[in-house]
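Protein chains in written order, with our numbering: chain A, 1 to 287; chain B, 288 to 938.
Since the hints were made in silico from the structure, they are not lab data.
Some hints could be false.
[As the list claims (entries may be wrong)] Part of the chain A face toward chain B, derived, beta carbon under 8 Å: (1) Ala-133; (2) Asp-163; (3) Glu-165; (4) Asp-166; (5) Glu-185.
We put the beta carbon where it would ideally sit given N, CA and C, even for glycine.
Listed below, chain by chain, are the residues.
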Amino acid sequence: MARYAYYPGCTLKSSASEYEASVKAVFNKLGHELEEIDSWICCGASPAHQSDAGLSSDLAAYNILAAADSGLNILAPCAACFNRLKAGAHKLKNDDVFRKRAETEFKHAAADVEILSPVGVLNSPDNLDAIKAVVADHHSELKLVAYYGCLLVRPPKIMQFDDPEDPVLIDKVLGAAGFTLLPWEYKTECCGGSLAISNRESALRLTAKVLNTARKAGAEAIVVACPLCHQNLDARQSQVNAAFNEKFAIPIYYFTELLAFAMGFEPTAVGIDKHVVESVKVLRRGA
Amino acid sequence: MARIGVFICHCGKNIAATVDIGKVVAAAAKMPQVKYAAEDRYLCSEIGQNMIIEAVKEHQLDRIVIGACSPRMHEETYRACLRQAGLNPYMLEIANLREQVSWVHPDIAAGTEKAIALVGMAVAKVAKNEPLLTKEVPITRRALVIGGGIAGIQAAIDLGLAGYETVLVEKEPSIGGRMAQFDKTFPTLDCSACILAPRMVEVSHLENVKIYSNAEVESVKGFVGNFEVSIRKKARFIDEAKCTGCGICMEKCPVKVPSEFEMGLGERRAIYKPFPQAIPNIAIIDKETCRYLTEGKCQLCAKLCEAGAIDYEQQDEIVTETFGAIIVATGFKLFDYTKYGEYGYGRYRDMITGLDYERMLNAAGPTKGHVIRPSDGREPKRIAFIQCVGSRDDAKGVPYCSRICCMYTAKHAILTKEHVPDAEVYVFYIDVRAAGKNYEEFYQMAREKYGVKYIRGRVSRVYQDDGSLMLKAVDTILGQTIEMPFDLVVLAVGAVPHESAIDLAHRIGASTDAYGFYTEAHPKLRPVELLTEGIFVAGSCQAPKDIPDTVATASATAAKVCGLFAKAHLESRPMISAIDPEKCIGCLACLAVCPFDAVTSEAWRGKDIAVINESVCKGCGNCVAACRSGAAQLRGFTDDQLIGEVDALCQ
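One chain only, chain A, in its complex shape (with noise of 0.2 Å):
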């Protein structure tokens, strides 16, 4: 039983929704404690990273610090957060002159929190374990990738998570709990997600290129960890298939989802019904 300082970040609250509803799900069935932090703010994200290096680092120790004082370490499930309060700790722990900014600035002493992603929690031994046990009836036959995007794993010198080429966390932890993993080229590849709106044309190419190559290695949906990964694939399935005269009709799945949906929950429970893309039918089938 683990307690968490639970850092949700704004598409979790919204778009991505399921997303929350599914980490929780999850994280209470193997009965692990997730406290939201009080007053966290925006983390930033790549816009406050790109336009302000001085923002960016401030709005990630901003956060760090307000749940500095609960003596939790933080679990933000959204990629983007979790890269953007990783690389801020990274800088509270280096960089000296910046601590103590920080903490004269937002009146609050560091402490030594680690960032935590819920793919790398639930790879723990003991959470495995705990999975396999839950699920244990579960089998699936819907044959899937996973697609980890760019966030979770770049900068290999700061993120520390996972092989930044040929990441396995994902597949590992889905593969506990009864699915069927398909090894594919595309793990890492740039969906172009920030492009979406100053080059919507690259943006859809680059999204394309993933559903087809997943498509290629006979996946018949795709598994995410990153709401903006999800936004791409999937709400913009349609447009893709608009610009390039296809027919994409894959399912993107947050893994929560699917191991929500194994542990028991029904899909409309964590809001697998709320995907742009039909995902429930196609779910229940591969069962």
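Chain A is already provided as a structure; the job is to place chain B on it using the hints.
Below, chain B without anything else, positioned relative to chain A:
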């Protein structure tokens, strides 16, 4: 009464800019037993040295203090100067006024004060110096060459022809090294085996040269002129005297395994010769895969061998021989490219290394010279060569340039066009380094005559797409991204030293750098010697190099060895430990602390005392520190002399 001469050097502006030389000379002139003090702009020059020699004569000086640069620079120079002046060369002390004063203290007043203090210490010490004499050390005029590639072979030939007994030790079953595996050599496109084989034959026929193949050096003891080396001759399970190299055994052996010589692209048997021109031309049984040696079955080779040369009971043999000089020429192997996650961690069959490609191009190789895709055997029509895989890459811990890859890739590109004229050949590079003779012209020929497409940009990712390998790269000259399918990808993999060579370095007391290459005595002026006297280094084990440089360094080491052997005898170090037998109580604490095994125990006037082997002693001083009775003293650094320095400093 001593008659000390003190000479302070300006070293141009190196010392004079931050030390008041005049003040130092004036202070020195007043120091006890100093009869003469002077200064010069460049004391190490001929003018400077002549001044010292003149002063010695004129003022009957019997010992000298020099205030100048570090003794590491010119100690030998000044010792020679003293010899010329008719003085014992050890009646010298050097105060380092450059590295230890001028270069580190910008404050002139403080620097000058320190300079005077250091000169004072040197004066106090030299006053107590005694003349030291060297002894003659005999030289065993036999040379050991470790490594039987082209470097070792060349060195052995040079030494054999010079008339010196030479032993060539090679860890593989045949000599020849990497050159035996190449197809053609740049820039002439000579067939590699055709230029190597005559050398292999020559070295094996030289009367003076003995080859120990399938053998490794186990230990090296001793010192220059007298190295005692143990060599393990590993069992071949073949009687070398009987085997005729006829090859019947290897035709019929039922066990087939990947051939190391063919880089795994072809097979060999459990009993085999590594390649047809192997020297010695003798078979060897691989004890890991031979059915008889692992399971007790078969023995077909023994039944077929008409010479009765098979000997399953053969054991490793250790021989110990004495040598006067050692040449290390252990060569290189390839960087393990499977570390590159961006290139698939080694799981793509159609991704091979440059050395794999040499075997493929070779008409006597596993594909009979046909360029094929290992996955399906088809001829590739679009081939990519990726430079700098495992070189110039900080992220993988190999920031250095491996020097030979730009040239061997240009060669591969040209040969590809010759073998597959309608192939599209791409080379992805960072810079093209073609610095040798006729190298630039060779590279330009690849571009202009053969139409090889050179793209300036690293390949960031290779992945499988159906049957092709997709490359993601950037053409930095055009400013465009590239994503193209290729049928075959050849990696120009960097050169690294063998692990066994790094291990050997530790056993012979040689230094290696961060990557395991042997550290030369001086990077500019002593590139083929190690800091250990009597041990020399040639070829790529010191740093990656092409064949001409390898042969040049090999001959250079042979010349150094000849120079060593041409001396009548060596001179021992004089600044070594001396044990006063009267004072020694025989506790042997010195023996326990000596790192060089230079102390033994002998009987003397009815008691056991410690005795120093003057040929081995390096003068480290451990025994002096350990000695309770003050019997052990370091010649040239006695307690008396050192205390004299401290006293002078504490004035």
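Structure-based check of each hint:
Given hint, Ala-133(A) at the interface with chain B, is violated; its Cβ is 33 Å from that chain's nearest Cβ, farther than 8 Å. Because the smallest distance between the Cβ of Asp-163(A) and any Cβ of chain B comes to about 6 Å, under 8 Å, the interface hint for this residue holds. A hinted interface residue such as Glu-165(A) counts as satisfied when its beta carbon comes closer than 8 Å to some beta carbon of chain B; here the least separation is about 3 Å, so the hint holds. Below 8 Å, beta-carbon pairs count as interface contacts, and Asp-166(A) has one with chain B at about 6 Å; its hint therefore holds.
With a least beta-carbon distance of about 4 Å to chain B, the hint placing Glu-185(A) at the interface is held under the 8 Å criterion.
The earlier numbered hint that this structure contradicts is number 1, and it is the only one.
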